[in-house]
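> Chains as they are written, first to last, in my numbering: chain A, 1 to 384; chain B, 1 to 384.
Treat the hints as calculated values from the structure; they're not laboratory data.
There is no bait here: all hints are sound.
Since the list gives no way to pick out one identical chain from another, each pair is judged satisfied if it fits inside one copy or across any two copies.
Computed cross-link-like contacts, DSBU-like style, restricted to lysine-lysine with a CA-CA straight-line distance of at most 35 angstroms:
(1) K11 to K121
(2) K165 to K55
(3) K156 to K111
(4) K156 to K121
(5) K16 to K368
(6) K220 to K11
(7) K76 to K359
(8) K299 to K228
(9) K11 to K299
Protein chains: 2
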Amino acid sequence: MYNFEYQNPVKIIFGKGEISKVGANIPKGSKILLTYGGGSIFKNGVYDQVKASIKDFEVIEFGGIEPNPHYETLMKAVDMVKKENITFLLSVGGGSVIDGTKFIAAAACFKHGDPWNILAKRAPVDDAILHGAVLTLPATGSEMNSGAVVTRIETKEKLSFMSPKVMPLFSILDPEVIFSLPEKQVANGIVDAFVHVIEQYLTFPVDSPIQDRFAESILKTLIEEGPKVLANRTDYNAAANFMWSATMALNGLIGAGVPQDWATHMIGHELTAYHGIDHARTLAIVLPGVMHIKREQKKDKILQLGERVWGVLDGTDDERINETILKTTKFFESVGIPTKLPDYSVTSETIDTICTRFKNRGYKVGEKANIGPNEIRLILEDRL
Amino acid sequence: MYNFEYQNPVKIIFGKGEISKVGANIPKGSKILLTYGGGSIFKNGVYDQVKASIKDFEVIEFGGIEPNPHYETLMKAVDMVKKENITFLLSVGGGSVIDGTKFIAAAACFKHGDPWNILAKRAPVDDAILHGAVLTLPATGSEMNSGAVVTRIETKEKLSFMSPKVMPLFSILDPEVIFSLPEKQVANGIVDAFVHVIEQYLTFPVDSPIQDRFAESILKTLIEEGPKVLANRTDYNAAANFMWSATMALNGLIGAGVPQDWATHMIGHELTAYHGIDHARTLAIVLPGVMHIKREQKKDKILQLGERVWGVLDGTDDERINETILKTTKFFESVGIPTKLPDYSVTSETIDTICTRFKNRGYKVGEKANIGPNEIRLILEDRL
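Here chain A stands alone, though its shape is the one from the complex:
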C-alpha cells in the first residue's frame, strides 16, 4: 500500500435516543447558530429534541439551506455569524446542511479576500468556527469527514473543499431519524454511500487487503441492508446498519493508503449543476459508464468486485466485467434509481457542454488522471 497519514478526531455518538446528548457536547457558554434545511426536522421531532437539549444556550436559527447548498444562501449565514458573534455552529440535517455549515464555519474566519476562493482556488482554511452535527439522512459521510461541496447558482458551479479545520467536533447519529424519510432520500443515500466506497476501491490493486476487505464489507452491507430499510422504514437494526455503513464509506479510513478515482463524482457534479439532478442519481448514471470505458485500467478490481461482492465467478474476464457492471447497475435500479441520461431528459447537448467545461478547466480526473473531455464524452454517450 501507499504511505499515508490518517487522523479523524470526530466524536461519533450513535444510537436511538442519543440526540438528547447534543447540549452536553457543546462547549459551555457557546452562542449557537442552529442550521437546518427545508424544515423536515420540525415534522420528525428532531428539532424539538435538539432544542430541549440546548435550552441553556443562546441560540439563533438559520434554516432554508438547500440540497446542494447554495453559496449565495450560505454567505447570508456567514454575515449572521459575524454580526451575532456566533461561537458554535450546530447543523441539524443531511449532507447538504452539514456541508453548508462547514463552509459557513470556514468562510466566517476567512481573512484572504472573497471566501469563494476556498472553493474556486482551494485557498487554505486557516481557521473555522467550531461545529457539531445531528445527522438526519445517512448518505454523504459529511458527518465524519473534512470535505464539503457547495454550489454557486449564479455560475452553475458545484465545487468542493477539504480541511481538517471543518471536521465536526461531534456528530450524533440516531438511526430513528430514518423512520420518517421519504423513499427517494433513502434510495439516494444507499447509492451515494455505495459509490463513495467504489471511488476509493475500484481503481487498481496496490496490495491493500485491509482496505479492500473493509470496502467490500461496506458494499455487501449496503446491498443487504439498503433494501430492508426501503421495505420497512421502522426496522431499527437495518436503519442502524445502513447509517453506520454510510458514515464508514467516507470517513477517510478505506481510502487511506490506496489510489482513489472520483471521476464519477466530478462528472456527476456537472449533471447536478446543469440539470439539478439529485447528487446520488448522477452517480448512478455516470458510474456504469466509467466502469465500461475504463474496464481495462480497472480490470483487476472490477473482477474482484464481481467475485467478492456480486458472486460473479464464471465466464471470460470480459464476460465477468460485463456481468459486474450489469449487477451494479441493476442494484441502483432495484432501489428505484434510473441510470440512463434519457431517464432524466438529458440529451447529448449537455454532453457537449460538460466536455467543453472540462476542456476549459484543463485537468483530467480519475485514479490515473487520464479522464479528460474525450473520455468523458465516451462515458456519457454510454449512458444515452
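With chain A held as given, fit chain B onto it using these hints.
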C-alpha cells in the same frame, strides 16, 4: 447493534521512511523524555532516525522499560518527568514501551495519592503529559488506543487502565521496523492481534454486519499475511499489511456497538503475572479453552467464524465448532506458538492459584460476566 460513542483522534503516519517526520509532529519547544525498551532500537537504526529528526529539541532518555512494563521501573521515569519538567513523552518501541509511557504520562499528573490507584482502583486520569509514539513491533494496538497494561513485580499483579487522556497525539508506523524482528516477536504479534479481534467478535450476534465483517477482514488478513512475514521478513507489503491489521485490531472501531469478551486476556494476564509467559502466548493457551467451555453461549459466532474465516461449512453444529476451535489452535501452532499449559511447564497448581485470585476479586469476566473461578478452572483444565 448497541448504542455507542466512538472517538479516536490519534494521527497515524504510516509507511517507509516516515520516522523522519517525528520531530515535525512534536509541539515546538517541548522538552522530551524519550522512552524505550531493551535497546533493539540501537541495532535496527530506529534510534538514529528518531534522534536525527528531534535534534532541535531538548531530549532526556529513559531506556530499559521491560516487556510487561513494571510499575517499579515506570515510577522512576515519573520522578524524572517531574524533576526535569518534561513536557512531551516520545515512546519508541512496542506495546510495552507505549503502554508504560501512557502510565508515565498519567502518573506524572496524578494528584490523588498513589498513582498505583490508576490501575488498582481505576482512579480517574484527570490529565496526562502529551505523548507520541514510534512503533517498532506490531501487536498490541497501543499506538492507536487509550489502554495500557502495567505489571507490579512486588505483588505479581498485571492490571490495566484506559483513558482518552493517554491516547498518543501521533503514532508513526514504518513497516520496515519489522525487517529485523526476531521470529518469536512476529509470531507473538500475529497472535496478539488475532485474539484482540476475537475478543470483540466471538461473543453473541447483535445484528452488526459492519463490525462483524471488519473483524473478519482483519482475521483473514492476519491469516494470509502473518505467514508471509514469517517466511520473508523483508517482504514490505506483507509487513505493511500485518502492521495495519494489528493497529485496526484494537483501535476501538470493530468493538464499537457490539458486546466484548476479554476473558482470554484477563485469564492470560495471570499466566504472565505468575510465570512470565509472553502475553500473546498466554492468549494462545487460553482462547481455545474459552471457545470450548463457552461453546453454547458463543455458538452462533463460532459457527460464523468457522464459515467466513476458516471455510468450515460441513457437519453438525458441534462438529463445525470443534473444527473451528481446531483450526484456530492449529493456526497459533503454525506460527510457532504452543497452546497447552504443559508446553510452558505450567501445572494444575497454578490453576488453583489463579482460581483463588479470581475468587478473592469477586467479579466475573466475559461478555455475559459469567466466567468466574469455576469456569476458569474448566477453561484452564482444558489446556492441560
